[in-house]
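Trainee: In case you want the letters, here they are:
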Amino acid sequence: MKKPTISKRQAGDVLFWSVMILPVILLVATFIVVPIISSVAMSFTEYKIKNILTGAPAVWNNFENYIHLLNDNRMLPAIGRTFLFVFIVVLAQYVFGMILALILNSNVKCARFIRSVMMMPWVVPTVISALVWLWIFQSQYGLFKYLVKVFSFGMLSDFAILNDTRFALLGIALAALWKQIPLSTLLLLAGLQNVPDDMLEAAKIDGAGYFTRLFKIIIPYMRSVISVVVTMAIIQNFKQFPLIWTMTGGGPSNATTTLAILSYREAFVSQNMGTGAAVTTVWMLLMILVVAVFKKLMPSQEID
Amino acid sequence: MKKILSMLLVLTMLFSLAACGGTAEESEAPAPVQSEETAPAEEEAPAAETEADTAGGEKTVLKISNYAILESNYTAFWEGVEAGFEEAYPEYDIEWVTSEYSQTTTNVLTAAGAGDYCDAIFGEHSWISTLAYAFEPATSVLNEEVIGEFDSTILDSCVFDGECYAVPYYVSPFILYYNTQLFEEAGITEVPTTFEELEAACEKLAGLKSPITGNAVVPFGQTTASVAISGTSLTAFIYNFGGDVMTPEGKMSVDNDGFTQAMTTLKNLYDKGYMTENQKLKDLRQSYANGELAMYYDQAWGFSGVSGINPDAASFTASAPAMSGGSGTGQSVLNAAVFMVSNKNGNADGVNKFISYVTSDEELGYYLSDIAAAWSAKTSQADMEVQAVLAGATGSQSNLKAVPMIETLNDLNLELCTLAQNITLNGMSVDDGIAAFKNSTVYQTIGE
Numbered sequence: 043m044k045k046p047t048i049s050k051r052q053a054g055d056v057l058f059w060s061v062m063i064l065p066v067i068l069l070v071a072t073f074i075v076v077p078i079i080s081s082v083a084m085s086f087t088e089y090k091i092k093n094i095l096t097g098a099p100a101v102w103n104n105f106e107n108y109i110h111l112l113n114d115n116r117m118l119p120a121i122g123r124t125f126l127f128v129f130i131v132v133l134a135q136y137v138f139g140m141i142l143a144l145i146l147n148s149n150v151k152c153a154r155f156i157r158s159v160m161m162m163p164w165v166v167p168t169v170i171s172a173l174v175w176l177w178i179f180q181s182q183y184g185l186f187k188y189l190v191k192v193f194s195f196g197m198l199s200d201f202a203i204l205n206d207t208r209f210a211l212l213g214i215a216l217a218a219l220w221k222q223i224p225l226s227t228l229l230l231l232a233g234l235q236n237v238p239d240d241m242l243e244a245a246k247i248d249g250a251g252y253f254t255r256l257f258k259i260i261i262p263y264m265r266s267v268i269s270v271v272v273t274m275a276i277i278q279n280f281k282q283f284p285l286i287w288t289m290t291g292g293g294p295s296n297a298t299t300t301l302a303i304l305s306y307r308e309a310f311v312s313q314n315m316g317t318g319a320a321v322t323t324v325w326m327l328l329m330i331l332v333v334a335v336f337k338k339l340m341p342s343q344e345i346d
Numbered sequence: 224m225k226k227i228l229s230m231l232l233v234l235t236m237l238f239s240l241a242a243c244g245g246t247a248e249e250s251e252a253p254a255p256v257q258s259e260e261t262a263p264a265e266e267e268a269p270a271a272e273t274e275a276d277t278a279g280g281e282k283t284v285l286k287i288s289n290y291a292i293l294e295s296n297y298t299a300f301w302e303g304v305e306a307g308f309e310e311a312y313p314e315y316d317i318e319w320v321t322s323e324y325s326q327t328t329t330n331v332l333t334a335a336g337a338g339d340y341c342d343a344i345f346g347e348h349s350w351i352s353t354l355a356y357a358f359e360p361a362t363s364v365l366n367e368e369v370i371g372e373f374d375s376t377i378l379d380s381c382v383f384d385g386e387c388y389a390v391p392y393y394v395s396p397f398i399l400y401y402n403t404q405l406f407e408e409a410g411i412t413e414v415p416t417t418f419e420e421l422e423a424a425c426e427k428l429a430g431l432k433s434p435i436t437g438n439a440v441v442p443f444g445q446t447t448a449s450v451a452i453s454g455t456s457l458t459a460f461i462y463n464f465g466g467d468v469m470t471p472e473g474k475m476s477v478d479n480d481g482f483t484q485a486m487t488t489l490k491n492l493y494d495k496g497y498m499t500e501n502q503k504l505k506d507l508r509q510s511y512a513n514g515e516l517a518m519y520y521d522q523a524w525g526f527s528g529v530s531g532i533n534p535d536a537a538s539f540t541a542s543a544p545a546m547s548g549g550s551g552t553g554q555s556v557l558n559a560a561v562f563m564v565s566n567k568n569g570n571a572d573g574v575n576k577f578i579s580y581v582t583s584d585e586e587l588g589y590y591l592s593d594i595a596a597a598w599s600a601k602t603s604q605a606d607m608e609v610q611a612v613l614a615g616a617t618g619s620q621s622n623l624k625a626v627p628m629i630e631t632l633n634d635l636n637l638e639l640c641t642l643a644q645n646i647t648l649n650g651m652s653v654d655d656g657i658a659a660f661k662n663s664t665v666y667q668t669i670g671e
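Protein chains in written order, with our numbering: chain A, 43 to 346; chain B, 224 to 671.
By construction, these hints were calculated from the structure, which means they are not laboratory data.
Take these hints with a grain of salt, some might be off.
Below are the PhoX-like pairs computed for lysine-lysine, each with C-alpha atoms no more than 25 Å apart in a straight line [unchecked claim]:
1) A:K258 to A:K246
2) B:K495 to A:K191
3) B:K661 to B:K503
4) A:K187 to B:K503
5) B:K503 to B:K490
6) B:K474 to A:K92
Derived DEER-like restraints, expressed as beta-carbon distance ranges [as the list claims (entries may be wrong)]:
7) A:A71 to B:T298: 36 to 46 Å
8) B:T329 to A:V76: 20 to 30 Å
9) A:F125 to B:A423: 40 to 50 Å
10) A:S148 to B:G338: 54 to 64 Å
11) B:T436 to A:N149: 45 to 55 Å
12) A:V76 to B:E310: 45 to 55 Å
13) B:T298 to A:V159: 31 to 41 Å
14) A:S199 to B:E419: 22 to 32 Å
15) B:T436 to A:L68: 55 to 65 Å
16) A:F105 to B:A423: 53 to 63 Å
17) A:F125 to B:A337: 31 to 41 Å
18) B:T329 to A:V333: 20 to 30 Å
19) A:F105 to B:G588: 49 to 59 Å
20) A:G97 to B:S621: 33 to 43 Å
Here a beta-carbon is modelled for each residue, glycine too, at the ideal position from N, C-alpha and C.
Just chain A, same shape as in the assembly (with noise of 0.2 Å):
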């Protein structure tokens, strides 16, 4: 059987993309894969600060650090924490997300202004939202405390929600909203103005409703700019780490200590790389298993 040939050409162009394609395979090698390789295998040894400082070799410890960690009362709950935070905010975020586009895609007057305005919180600084938030919440005389008394009608006059293990988190997750929600409406708003009139129209002359073509058409074709929102936030609420760390440090009894702040506890606090990169090791894995299950649950294939 005769060898397949490859032209001149066809060598000059596998090695012309092989070269353009080699500073990104460099980039990504030297900065992603390499450092999660370093990870994962300082995750196995006994590894401080002091080894970093002193250049004092990494020991192998035997798994000494899961172990650790199966046995941390800390861990499985902030695995929970972590679980809960991204539910509520990534679908909180998603619902309100849409909700506002929808408003401002049915034109609704002054939508650019709003649009411009409502960015405003995606550009502060996180940290800066933070401390703005830790005001609103401020336990004593903070307005949230304030509003929260006037709507209970002054049944509910002591509520601070920073301080209440069990209302710390959700008081967390009001922020990330606040911060979060401008992005994925944007983005949904430019998936809204990409949905066919003309096919909206037809529905509208066959009879159907706005809720119809709401679920029948309009988020059915928005199906891969939903799954690029909810996969972004599912992430970025995943590594939540400075909006929980400047406003509550994982207290009040390690109310909100997430996996984000168990692992700055256990690697920058205890000074335990190790540990602290085994703690990383679990997380990225649940994070890679939820938005495997998520893009298992929602093929991003739009509809013909």
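Assemble the complex: chain A is given as a structure, and chain B must be docked to it using the hints.
Mentor: Here is chain B on its own, set in the frame of chain A:
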């Protein structure tokens, strides 16, 4: 032709990437002019002749980490130190390495991990164990005549892993600040010296309104929010009762009356509504400056934060030593602002000069009389004038007990905050709270 040009462009980019690399030795030159003499100098004698060659008129850069320069109350002072030092020692340039207070240790460690060492850092006493490996024992960097000027008890409290890693800048124990106007309004004539007297005073103060904002007054403030310094403050609170948290060897030791009494008192004050929970020191300072907090425990220098918020605060503020409870004598933790130093860049001589300069009678004298409320840690400056607001707390600087320096001190401090939050916010009994504390990972790691 287009393909060849594109490939050339890509190769140029690759070459640029490679050129950006290099070893730490090549890229992390500590100073603009470092001669061969400036090899890292663990082996070198203190203040050895390792300075850069300044004969050519070029200056040696001293890299000093200082979070305070970003804080408006202190910026002018530290800029003045920089100008004054560079004028006195023209062969040196100070380069401040700045980052926000809470990020300082992480940033310094990260840079040190990459081979970028600071020559000195201005920081907290509790940072010593965290930063020890990024710096060097002070005794190996500073000359005997420099280090010998500091109070030996305070130097002893800076020992980690058998070596003294810092010299104190000033001593700043936890003391009681109180609002004289509110005390007068409540008819309190004597400042509480025991926790029984505190409770009686709180009863009188509850229900008052702030003369500044009109909001209700909280009688007492003790920080318990989840930050390391709150844990240090809670340790001081336990010391007030004669209690212990650790043995001098750095092992856990909480089965003592003082520890239990301190936690019981804390819970009692919270349950009676005499204090708000989960407050950081800066929250307490804010409330106090607004006249919404009648008294609170703070580090002596914390009053600078109060007067930064309300410049009129000095007119209604006085101080008192820490109160005593149980069989305690009102002892507080030996808390100081410190300088950690290093000769890793071969700048020991410059570091010696800087420490001498910044702790000189002129510089420190100005700092303690005009900038921060605290006491000098030099034996020769025992009578140095301090801010008038500290008059009531005189003697506090000598009724102190050192916290053993252990590697996981910050983590332990955060766990103490969790204990305090559990028995107050979470409503746990003191016994259950202590049991949970003893069951915590940090406690188990440190061991008894």
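Trainee: If you draw a straight line from the CA of K495 (chain B) to the CA of K191 (chain A), is it 25 Å or shorter?
Mentor: Distance of about 21 Å is within 25 Å: holds.
Trainee: Quick one: are T329 (chain B) and V76 (chain A) within 20 to 30 Å, going by C-beta?
Mentor: For V76 (chain A) against T329 (chain B), whose Cβ atoms are near 22 Å apart, the range 20 to 30 Å holds.
Trainee: Range hint 36 to 46 Å: satisfied by the CB atoms of A71 (chain A) and T298 (chain B)?
Mentor: Given a distance of about 43 Å, which is inside 36 to 46 Å, the answer is holds.
Trainee: Between F125 (chain A) and A423 (chain B), is the Cβ distance one that fits in 40 to 50 Å?
Mentor: 49 Å, holds
Trainee: Quickly compare the C-alpha distance for K661 (chain B) and K503 (chain B) to 25 Å and report which way the hint goes.
Mentor: 24 Å, holds
Trainee: Can the suggested window of 53 to 63 Å be confirmed for the beta-carbon pair F105 (chain A) and A423 (chain B)?
Mentor: 56 Å, holds
Trainee: Take the C-beta atom of S199 (chain A) and the C-beta atom of E419 (chain B), compute their distance, and say whether it sits inside 22 to 32 Å.
Mentor: 30 Å, holds
Trainee: G97 (chain A) and S621 (chain B), beta-carbon distance inside 33 to 43 Å?
Mentor: 42 Å, holds
Trainee: Quick one: are S148 (chain A) and G338 (chain B) within 54 to 64 Å, going by C-beta?
Mentor: 58 Å, holds
Trainee: Using the beta carbons of T436 (chain B) and L68 (chain A), state whether their distance is inside 55 to 65 Å or not.
Mentor: 59 Å, holds
Trainee: Looking only at beta-carbon atoms, does the pair V76 (chain A), E310 (chain B) fall within the given range of 45 to 55 Å?
Mentor: The hint (45 to 55 Å, Cβ to Cβ) holds, given that V76 (chain A) and E310 (chain B) are roughly 47 Å apart.
Trainee: Is it true that the CA of K474 (chain B) sits at most 25 Å from the CA of K92 (chain A)?
Mentor: 20 Å, holds
In the structure shown, no violation is registered for any of the earlier numbered hints.
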